[in-house]
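Protein chains: 2
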Amino acid sequence: MPVNLLAPVAADLHPIAGVRIGVAEAGVRKANRKDLTVFLLDEGASVGGVFTQNRFCAAPVQISREHLASGQPIRAMVINTGNANAGTGADGLVRARATCIALARQLNVAPEQILPFSTGVIMEPLPHDRIEAGLPAAIADAQPGHWARAAEGIMTTDTLPKAFSAQVQIAGATVSITGISKGAGMIRPNMATMLGFMATDACVHPSVMQQLARELADGSFNRVTIDGDTSTNDSFVVVATNKAAHAPITTLASAEGQALKAAMLGVAQKLAQAIVRDGEGATKFITVRVEGGKTGDECRQVAYAIAHSPLVKTAFYASDPNLGRILAAVGYAGIADLDQTGIDLYLDDVHVAVKGGRNAAYREEDGQRVMKQSEITVRVLLGRGDAVDTVWTCDFSHEYVTINADYRS
Amino acid sequence: MPVNLLAPVAADLHPIAGVRIGVAEAGVRKANRKDLTVFLLDEGASVGGVFTQNRFCAAPVQISREHLASGQPIRAMVINTGNANAGTGADGLVRARATCIALARQLNVAPEQILPFSTGVIMEPLPHDRIEAGLPAAIADAQPGHWARAAEGIMTTDTLPKAFSAQVQIAGATVSITGISKGAGMIRPNMATMLGFMATDACVHPSVMQQLARELADGSFNRVTIDGDTSTNDSFVVVATNKAAHAPITTLASAEGQALKAAMLGVAQKLAQAIVRDGEGATKFITVRVEGGKTGDECRQVAYAIAHSPLVKTAFYASDPNLGRILAAVGYAGIADLDQTGIDLYLDDVHVAVKGGRNAAYREEDGQRVMKQSEITVRVLLGRGDAVDTVWTCDFSHEYVTINADYRS
Chain U
-2 MPVNLLAPVA
8 ADLHPIAGVR
18 IGVAEAGVRK
28 ANRKDLTVFL
38 LDEGASVGGV
48 FTQNRFCAAP
58 VQISREHLAS
68 GQPIRAMVIN
78 TGNANAGTGA
88 DGLVRARATC
98 IALARQLNVA
108 PEQILPFSTG
118 VIMEPLPHDR
128 IEAGLPAAIA
138 DAQPGHWARA
148 AEGIMTTDTL
158 PKAFSAQVQI
168 AGATVSITGI
178 SKGAGMIRPN
188 MATMLGFMAT
198 DACVHPSVMQ
208 QLARELADGS
218 FNRVTIDGDT
228 STNDSFVVVA
238 TNKAAHAPIT
248 TLASAEGQAL
258 KAAMLGVAQK
268 LAQAIVRDGE
278 GATKFITVRV
288 EGGKTGDECR
298 QVAYAIAHSP
308 LVKTAFYASD
318 PNLGRILAAV
328 GYAGIADLDQ
338 TGIDLYLDDV
348 HVAVKGGRNA
358 AYREEDGQRV
368 MKQSEITVRV
378 LLGRGDAVDT
388 VWTCDFSHEY
398 VTINADYRS
Chain V
-2 MPVNLLAPVA
8 ADLHPIAGVR
18 IGVAEAGVRK
28 ANRKDLTVFL
38 LDEGASVGGV
48 FTQNRFCAAP
58 VQISREHLAS
68 GQPIRAMVIN
78 TGNANAGTGA
88 DGLVRARATC
98 IALARQLNVA
108 PEQILPFSTG
118 VIMEPLPHDR
128 IEAGLPAAIA
138 DAQPGHWARA
148 AEGIMTTDTL
158 PKAFSAQVQI
168 AGATVSITGI
178 SKGAGMIRPN
188 MATMLGFMAT
198 DACVHPSVMQ
208 QLARELADGS
218 FNRVTIDGDT
228 STNDSFVVVA
238 TNKAAHAPIT
248 TLASAEGQAL
258 KAAMLGVAQK
268 LAQAIVRDGE
278 GATKFITVRV
288 EGGKTGDECR
298 QVAYAIAHSP
308 LVKTAFYASD
318 PNLGRILAAV
328 GYAGIADLDQ
338 TGIDLYLDDV
348 HVAVKGGRNA
358 AYREEDGQRV
368 MKQSEITVRV
378 LLGRGDAVDT
388 VWTCDFSHEY
398 VTINADYRS
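Quick note, the sequences are listed as chains U and V, same order.
So in our numbering the end of the first sequence lands on 406, straight run, no missing numbers.
So in our numbering the end of the second sequence lands on 406, straight run, no missing numbers.
Some hints here could point you the wrong way.
If chains are identical, the list can't say which one is meant, so a pair holds when it fits in one copy or spans any two.
Within a straight-line C-alpha distance of at most 20 Å, the following computed EDC-like cross-link-like pairs (lysine to aspartate or glutamate) qualify [unchecked claim]:
#1 Lys352 - Asp88
#2 Lys27 - Asp336
#3 Lys352 - Glu121
#4 Lys27 - Glu396
Rather than coming from a laboratory, the hints here were simulated on the basis of the structure.
Bound-form chain U, shown alone (with noise of 0.2 Å):
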């Protein structure tokens, strides 16, 4: 059961002008499953994009990196379930490839052109041989209003389809934005893979567009957890199909850039946090505030030190208000000079702990009480400076082990 989670309504989300989707049944693992599903860009479309830092990256991340970096405009992507095409070595990338390259061929352009992603189990070939022969009908399928259906068609495991959708006004044009995203662990059982889509119709020169994705990416993606765990095939795309009657954005310093970009930052927000309300097992979702740190990244640090903990996230599931488990995990975050004593916590707007020690005033049950809550937030004052920043996890739960100790078959 996702944490306040709904699917998403279709006539709620945008289309947007010059991007057309298509979804398929290519049969990639199991058969009757939408499983291909494929973004075709007009001519025209800026577009970036950032991915996993893991080593073991998988075989479509390393070609969408080689091609975005080509500098040849992108005009699709193609995405597959059911095969992550990650440890597959050479084999995996030649695969990668000759599904770029059918892909390619029928739309006219070069494989180059082509951004391909792959989810699903590691270490098995990938069948491009049937992503191949499914290309055709979700070609044909190809609509602007396909957003929705796209979301269902990247999904694995997730027990929702990810889908969110905003308008915001740049220089006297209304601009769209559309995105959606998989993922419910970082790995589910060999399953791999958080994915991330968002397009706009805003007009936004290519070479802003590496920096935009990056910028919406750390505001969002790389703000969730769920286990920790870093997935080999974890990738996000943003597009803009300059479209828009306005003038391109050419750099995010701009009032028009910083509008797009706060637009499209609580799309990419909503849709990271739709994943760690669908993590494996999450039945509370919670939000960690660190404020009063030297710099964001040491106030990041902490929050994720909280968010990793499983004497923490165990805490949550069982709704008790264990003061020691965060405090320790605060402790232990790696800040060399922390000192305990400048230490404030709050539960909601419950003032838990007091310059290190238990707030006097604090009654348990008042922690109790938020505890139950299914949204809750830590906030963890350092008083050793100015930044702030804040993470999003879900609790741990029996489910959790349930569903990563099922065995793979």
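With the hints as your guide, set chain V onto chain U.
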């Protein structure tokens, strides 16, 4: 059920000349519990100790560090269970000092000659009056043969006491080594602390003791992990009573120093591994050995990434030879220039991955056979150099969640 661990037999533990141990029931938290242990050291003992790196370290850790640094010869250690005296601020320091003063008076030594240790609930005031009241009984109980009794006296939620002993020849003299440890998670539900105490009658110059303690901890207690959480109270103390009939060891680099350290390391590793074997919900004991790194540090980093991954640990619990999870953990361990095509993986004798891909000769049933064992060695070959490091851990079971999600009361 601990993994292949038995309670110590008192008769198998060598007494250490110059060390007497007494245990009493002080009613720190509950009545009728052996919760107070004193180690009384003859004059002339050399003592070294290492402590938690957690910035939220407990009051007794701060005092023990201070007393060791004062250079005054240590004459006693006092350990209470039931209360960790952690997260207790300035008041906690006062209470820990009061305990030292009380014991020092009874022994007619200075308070700086006492090392205090506490383990139990966090953020509750230490009932130092009850501890003081219990000291005479603990002192009256003191005997050289009480190591097994001490192993019981320092237990909190451990399911078994932990004690090991060895003898070694140093320059023609038979030297004895005995140690005890406690701990079952880095932090139990609101219980804290991994503790280790070792003593030998060997002759070791005081100037060598800190280095000896650090090197022993580095090769044992600093190589184990259950859930990645670092306690506020972890302490490891080494005593050499200088009673044996050999010339004092003034450097660990000497043949005698090496022989003593090797023998002590054997005991320290058993003590540390016993904590993993008795880990919360553990059903398997896992040795993660990483070879072929450029440095020992990077081998250890990879070993910890594997040992901390909830996905890897649940796969062990499920006896699932899930190669993808182990390789993915290697990939995200943080070695920036790691080449995935150089990596081999073994489960015991079974060669599962070759050069980053599945070994063609690997059969799933062979991996399965190893994963079903109660003791498993994961061997990762990085193919980058000659360094090696090893970490010991346990699996991650439903029982872990049950133990840690139980409400504290």
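Against the structure, the hints come out as follows:
1. For a Cα distance limit of 20 Å, the shortest separation of Lys352 from Asp88 across copies, 13 Å, qualifies, whereas the shortest one inside one copy, 57 Å, does not.
2. Proximity of Lys27 and Asp336 under a CA criterion of 20 Å is satisfied in neither setting, with 55 Å inside one chain copy and 33 Å between copies.
3. Within a single copy, Lys352 and Glu121 get their C-alpha atoms only as close as 53 Å, which misses the 20 Å cut-off; across copies the closest is 15 Å, which meets it.
4. For a Cα distance limit of 20 Å, the shortest separation of Lys27 from Glu396 qualifies neither inside one copy, at 25 Å, nor across copies, at 34 Å.
Hints 2 and 4, counting from the list given before, are not met by this structure.
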